[in-house]
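Given chain Y's structure and the hints, the job is docking chain E onto it.
Here the protein sequences line up with chains Y and E, keeping their order.
If you read the first sequence in this note's numbering, its first letter stands for residue 25, the second for the next number, and so on.
If you read the second sequence in this note's numbering, its first letter stands for residue 877, the second for the next number, and so on.
Calculated from the structure, these hints are not laboratory results.
The model shown is predicted, which means the values in this text are computed figures rather than measured ones.
The C-beta atom is built at its ideal place from N, Cα and C for all residues, glycine as well.
Check each hint, because a few of them may be wrong.
[Stated by the list, open to error] No farther apart than 20 Å at their CA atoms in a straight line, the calculated lysine to any residue pairs in the SDA-like style are these:
id, chain 1, residue 1, chain 2, residue 2
1, Y, K252, E, T991
2, Y, K252, E, V940
3, Y, K252, E, E894
[Stated by the list, open to error] Quick partial rundown of chain Y residues pointing at chain E, CB under 10 Å, derived from the structure:
id, residue
4, G164
5, R253
6, Q260
[Said to hold, decoys possible] Quick look at which bits of chain E chain Y covers, simulated, 3 or more residues with Cβ under 8 Å:
id, segment
7, 1000-1010
8, 1071-1080
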Amino acid sequence: MFIYIDKMGRLLTSNIQYIIRVLLMIYLSIRATLLDQHQGLRTIIGVVSAQIYFTGWQALPLISVLALASGSITILQSSSELSLLGGSGMIGNLLVVIMVREVGPLLTALVVVARSGSAVATEIGNMRANREIEALESIGINPLSFIVFPRIVGGVISVICLCFYFVVIALIGGFLLTRIIDEMPLNFYLDSLVQALSKEDFFLFLIKTGFSGTIIFSISCYQGLAVKRSHHEVPQVTTKAVVDSIVAVTLFNMSVTVLFYIQQLIMLGDV
Amino acid sequence: MSALLKSLHFEELTFHYEGQEPLLKNVNFEFPISRRGTQDHSAPCRIPDKRSMPSSQVVVIRGVQGAGSSTLMQILAGLQTPTSGRYLINGIAVENMSFEEFLPFRLRMGYAFDTGGLLSNRTLFENLVLPLNYHNICSPQEAERRILALMERFQLLNFKDLRIAYVSASLRKMTVLLRSIIMDPEILFLDDPNIRISKEAQHIYAELLRELINNGTLHAIFIASFEESFFSYFDYTTIYLEERQLFNTERSCQKIIAISQ
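Chain Y with its partners taken away, still in its complex shape (with noise of 0.2 Å):
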């Protein structure tokens, strides 16, 4: 019994502990930035927009076609499902639950982790292995303000117009989608979208996506940053940045979905 208590007090430290570093080198390398005198805007607006490319630009074709996928089949599904119901009027008000507050968040977080949490975290452990970063160092460059600030900036906006991107292509182009099989008035649907639109969908949605691009590239830096001289260290970080970030942003966005419910029925005075 006390081995347990003993392990779960164990596993609860170092994840608070594992959260505190991560958290201290956010704040290490937003000071480093601040107090970078030589740092011109011009630097950080180059790796700012690289990453933008690379994270961004170059997942587009991914998320279009997981965006038509699930846009089209929940349009399809709900449709049908409130047809039956006699709650067509209803369909936007799904859709932007799903779409705007949860799906659209989660999934293009995912593919982001996947695409380039991994890859962040391989570029900066073989830098480490590479004793780049020592060599940035040594001229005089702190690697947090050239190398981790701009990463998790050029993240953060990537996966906010990823996320508008993928629920944009998910609303619209799977709508255009069901219209092979599907009669719904455009106009209808429109309608019934905008409506269902409000400004907490906004807010859920910036909170979501913006937080979920702190977390994945904050903690892809941190595990890259992590490997001491070895390269075969790179693909066990990497590994552990992957799982790490799934986990983070899944509890992330539970725990946000979970406490605007629950602010939610106080308001309505249910709780």
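Leaving out everything else, chain E in the frame of chain Y:
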């Protein structure tokens, strides 16, 4: 030494990598080296008939393979933090300095790694020009002119637009050596400078270092190496790294508690 980098000082310094035996244990060391009081034991290997700087300004660190001379160089350059003990530059403890506080010292140090140390996503030219442009040492045009002149001198011009994966190990090593002096350092740390580069290139590089010394910009060079082919271009003081300690003469000699007394 110059106005900025006046002294380097170890106090009971110990260093070990995680989970490994200590490479350095309770080491005391001071630079500039003064031979006062150690004449009987220190006999620097002077190579006659060399145009040279005072030998106390060129320090060769020698030790058996794996003794930790590269690590010692990295500690001296502030790239590794000692596990215990103190490293003082101008009397200020390095371990208490933030990256920003250490930066003025860092910018006056040049470091050439034994292997690796170039950014793989940049060309040879971009690797060389990065420190100059990043720290606004000179205008981008002037930086380009300086780098191209240097690359021409070392016959690297044909490879300037190639990334490091596409050039030979000798060209990479030469680029690392050139980058170490690109910001006109006061102290230069060269880790195995002679491996992978030709005698001719070594000679040209040594000539370049002499020019920097004569210009008054370069004040001291630390060289970690087994072979004499490079450091024989200079008069030098040798210190030996053996059994986790620094010695001023070869094998079983008197341990240097403080080289300068």
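Hints and how they fare:
1. Distance check on the hinted pair: Y:K252 and E:T991 sit about 16 Å apart at the alpha-carbon level, within 20 Å; holds.
2. Distance hint between Y:K252 and E:V940 is unfulfilled; the C-alpha atoms sit about 23 Å from each other, more than 20 Å.
3. A distance of roughly 9 Å separates the Cα atoms of Y:K252 and E:E894; the hinted pair therefore holds under the 20 Å criterion.
4. Given hint, Y:G164 at the interface with chain E, holds; its Cβ is 5 Å from that chain's nearest Cβ, closer than 10 Å.
5. Satisfaction of the interface hint for Y:R253 is found here, the shortest Cβ-Cβ separation to chain E being roughly 8 Å, below the 10 Å cut-off.
6. Against a cut-off of 10 Å between C-beta atoms, the interface hint on Y:Q260 is violated, since the closest Cβ of chain E lies about 15 Å away.
7. With a cut-off of 8 Å between beta carbons, the segment 1000-1010 of chain E has 3 residues touching chain Y; three or more are needed, and the interface restraint holds.
8. Restraint check on the segment 1071-1080 of chain E versus chain Y: 0 residues with Cβ-Cβ distances below 8 Å, three needed, restraint violated.
Hint compliance for this structure: hints 2, 6, 8 are not met, and every other hint is.
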